[in-house]
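A.B. asks: Spelled out, the chains give:
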Amino acid sequence: MTFTVRPDSDAKLRGRIAYATDLDVPGMLWGALVPAPVARGRIRTIDLRPARAIDGVVAIGPAELAELLPSATADVERPVFPSERIVYHGQPLAAVAAPTRALARRAAHAVKVNVEELPAIEEIEGFDPAHPGPNDPEVIAHVLARHGDLDGAFGSADFVLSETYRTAGICQVALEPHACLAEIRGELWHVTTSTQTPFGVREDLASMLGIPEERIVVEGTWVGGGFGGKGSPLLEPYALLLARASGRPVRLALSYREEFQLVRTSLPSVVRIESAVTAGRIVGRRVHWRLDAGSALPGRDFTTGYAIGFIAGPYRIPAIEMEGYAFRTNKPPLGPHRAPMAPQCVFAVESHTDHLAARLGVDPVAFRRSHIWKEGDVTHLGQKVGAFGLDACLERAGTVARTWRKDAPPHTGVAVGVGFWSTVTGAGGEARLLLSPTELTIVEGEREIGSGSVVRGIVAVAEAVLGISRDRVRVEYQDTRTAPFDSGVFGSRTLGALGQAVEKAARGLIDQLAKRLSTPPGSIHLAEEAGELVVVFGSNRPTVRSLLTEKELARGGLSSEGRHYGTSGAIDTERVVDGTFYPYTDFTGAAHVAMVAVDPETGAVRVMRYAAFHDAG
Amino acid sequence: MTAPISRLVVNDRPIDLAAVPVEERLLDTLRWRLGLKGTKEGCRTGGCGACTVLVDGRSVLSCLALTHEFAGTTITTVEGLDTDPVGARVRGAFEEEGALQCGYCTPGFVMALTSLLKEQGTEASPAELAEDLGGNLCRCTGYATIVRAVRRVRGEAP
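If you're matching them up, the sequences are chains C and U in order. Mapping the first sequence onto this note's numbering, position 63 (from 1) lands on 63, and the numbers just tick up by one. Here this note's numbering = 1-based position in the second sequence + 1000.
It is worth saying that the hints were derived from the structure and are not from the lab. Owing to the predicted nature of the structure, the values given are computational and were not obtained by experimental measurement. Each hint should be verified, as a subset may be incorrect.
[Claimed, not checked] In silico negatives: residues of chain U with every beta carbon more than 10 Å from chain C:
id: 1; residue: Gly1035
id: 2; residue: Gly1042
id: 3; residue: Arg1058
id: 4; residue: Leu1066
id: 5; residue: Ala1071
id: 6; residue: Glu1079
id: 7; residue: Leu1081
id: 8; residue: Gln1101
id: 9; residue: Val1110
id: 10; residue: Pro1126
id: 11; residue: Glu1128
id: 12; residue: Arg1154
[To be verified] Just so you have them, the derived chain C footprint on chain U, three or more residues with Cβ under 8 Å:
id: 13; stretch: 1092 to 1099
id: 14; stretch: 1135 to 1141
Every residue, glycine too, gets a C-beta built ideally from N, C-alpha and C.
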């Protein structure tokens, strides 16, 4: 595919795209959250009266929840407001709404919070993970898988290399802070928000607020950067409750300070990796890792079970043990950030791989290539490896690295690393297309987050199947009441999964048109003629208009739906000792080369050159 | 108290400042009082550049500026560049190079580059211009395409 101008370019360059931070409706109030002043503690009292004394201020806390949600059974794991236990610094204890931003901030500061502080649990090292003591963090998830003759591999190894790698949590820091606008419309709790997953937010809100999904409407806005941080609700429950309490639309947005305090940053990790090496080959590996999950982990086992796919590297190793723990600490609930868990795992494994090659005195790229998975190999969990172009990427990266090393100045280094990812096309989606006499409409629930997968990717799929040009394809965004279900824009899945749903729906249109012309679907395609769409069929060119019924024309055109729910290979359950594991759906990988310079005086590191080779399928 | 000069001009429109509180930031006046939402609110601490506007042609971070400081000046926001020839060149270069992703930083980059081109005429090299855009962040990390757009706007084939 050649590069084409993005359809959203002009509107974005002229500042005409409305993001959630731009939402503004008449009568709107500004919300603000009242943060917990300690990371762990017990609430003695929350006094909302000083805030309510400010003119026009509405204030809610745990006591008001029952009144606002009379039939609710709130989510125990994710309480909207804690009634007793504070579990992280900045945890919302109450919320206020006021006619202006300044008044809302003033009111939030005026709320009097009286708490008893308790020692915070923050460390995930220095104790036996299988038996944490009373002051150690609670185990929130555990996974263990094993395969092959580990004792044999380690017992007779030429050498064993043991290393520990640590990573810190990383905040997504989208340039657009989290923001939403909530409004109660009759029985419907309506929220317009910047989200990667409108349907996921609806499901989570139903659980957090204890009200049925059909009463919640989520309308996605254009997203000013997500990076995994805009996947689950954050501000939406508070904005909705404030709207309910005030009877007015309520805007709630985070300041950047709050952004750093409250968003679901990636999980800090400690990875211990041990490799047994004999005759230049890795014959056994044990990996034990600990994850800091914060105060709650949406998906629980998912994060640990998913990590296991990346924790030992895409390398053939005959004997392996992989064990992981996730712990609950007094930090905000943590979550995904750009390929959840893969960076933590890849950092440890690839650094370790370089050290193994150095110990053996062999070229690190050649060492990787002698172990790397190829199509037909099996993964550490016994799944058959599908089409996988990582070795070809490595070969190219190795050539570049050798060239760069030749003219590397002093205090610089060149290294190659591989990353891989199970593109999450298993997360399903549905597409609805409407073919009018003059254009094709793709109905969608989620907006573009930046990658181009929605504004350009799925549109290109429809163009290719139908044979029409891009200016004949339009994407129409609807809210969760009417849009077809889709899992969301995340995990590199959108074009792969939703694209396949669009492809099936487009083929459905061709099938319907072919049937009306009594010809096989393969014999027709669409084209444009004098402002109309026509069906090219031998030497005939009937207009689409002439093939639609009166009823279809009245409805706006011919409709077609497509579904894609991905399948993945099976893992070998014999290898699983404890926990839930996930097979890969697709095997995608990349090899990158970096040249970095280190300042010998200050230790500052600067990236001088960078090259990336990706298996694009 | 009345300020000595109580007006400013935004995109050719005179604005009376009498109703604007002295502590109001220029960013908030533009976005919430005048409805000019093309100027983006990012960090509100001068770190990201998303709120960049032109004051008498020079780029200013509107989140760090109080509106009353600018009485008597002419302010241009991204909406005001709609028919500006330099703004059009910048937009064209960004579009051709695909130099935008989520788009939240984009109006800030357009403003900053337009200001540099107007200020420095044709003298600055693409490398100097790119260096001068250092106050604008793109969290999608699309810098390579932005640098190519700068070269294109300077007439260099990327």
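A.B. asks: Now look at each hint and say whether the structure bears it out.
C.D. replies: Checked hints:
1. Listed as outside the interface, U:Gly1035 is inconsistent with that label: its C-beta sits roughly 8 Å from the nearest C-beta of chain C, within the 10 Å cut-off.
2. With a least CB separation of 5 Å from chain C, U:Gly1042 falls inside the 10 Å interface cut-off, contrary to its annotation.
3. Look at U:Arg1058: its CB is around 19 Å from the nearest CB on chain C, clear of 10 Å, so calling it non-interface holds up.
4. At roughly 14 Å, the least C-beta separation between U:Leu1066 and chain C is larger than 10 Å, which holds for a residue marked as non-interface.
5. Distance check on U:Ala1071: its Cβ is at least 21 Å (rounded) from any Cβ of chain C, clearing the 10 Å threshold; non-interface status holds.
6. For U:Glu1079, the requirement that its beta carbon stay farther than 10 Å from each beta carbon of chain C is not met, with the minimum near 6 Å.
7. Residue placement check: U:Leu1081 does not keep its beta carbon more than 10 Å from all beta carbons of chain C (closest about 8 Å).
8. Consistency note on U:Gln1101: stated as away from chain C, yet its beta-carbon is not over 10 Å from all of that chain's, at 4 Å minimum.
9. At the 10 Å boundary, the C-beta of U:Val1110 falls inside the reach of chain C, the nearest C-beta of that chain being 6 Å off.
10. With a closest Cβ-Cβ approach of about 19 Å to chain C, U:Pro1126 is found to remain outside the 10 Å limit, as its non-interface label requires.
11. The Cβ of U:Glu1128 sits about 20 Å from the closest Cβ of chain C, beyond the 10 Å cut-off, so the non-interface label holds.
12. Every CB of chain C lies more than 10 Å from the CB of U:Arg1154, the least distance being 18 Å, so the non-interface label holds.
13. Chain C is given as covering the stretch 1092 to 1099 of chain U, and this holds because 4 residues of the stretch bring a CB closer than 8 Å to a CB of that chain, at least three being needed.
14. For a cut-off of 8 Å, the count of residues in the stretch 1135 to 1141 of chain U with a CB near a CB of chain C stands at 4, and the three-residue condition holds.
The structure fails hints 1, 2, 6, 7, 8 and 9 (numbered hints given earlier, in ascending order).
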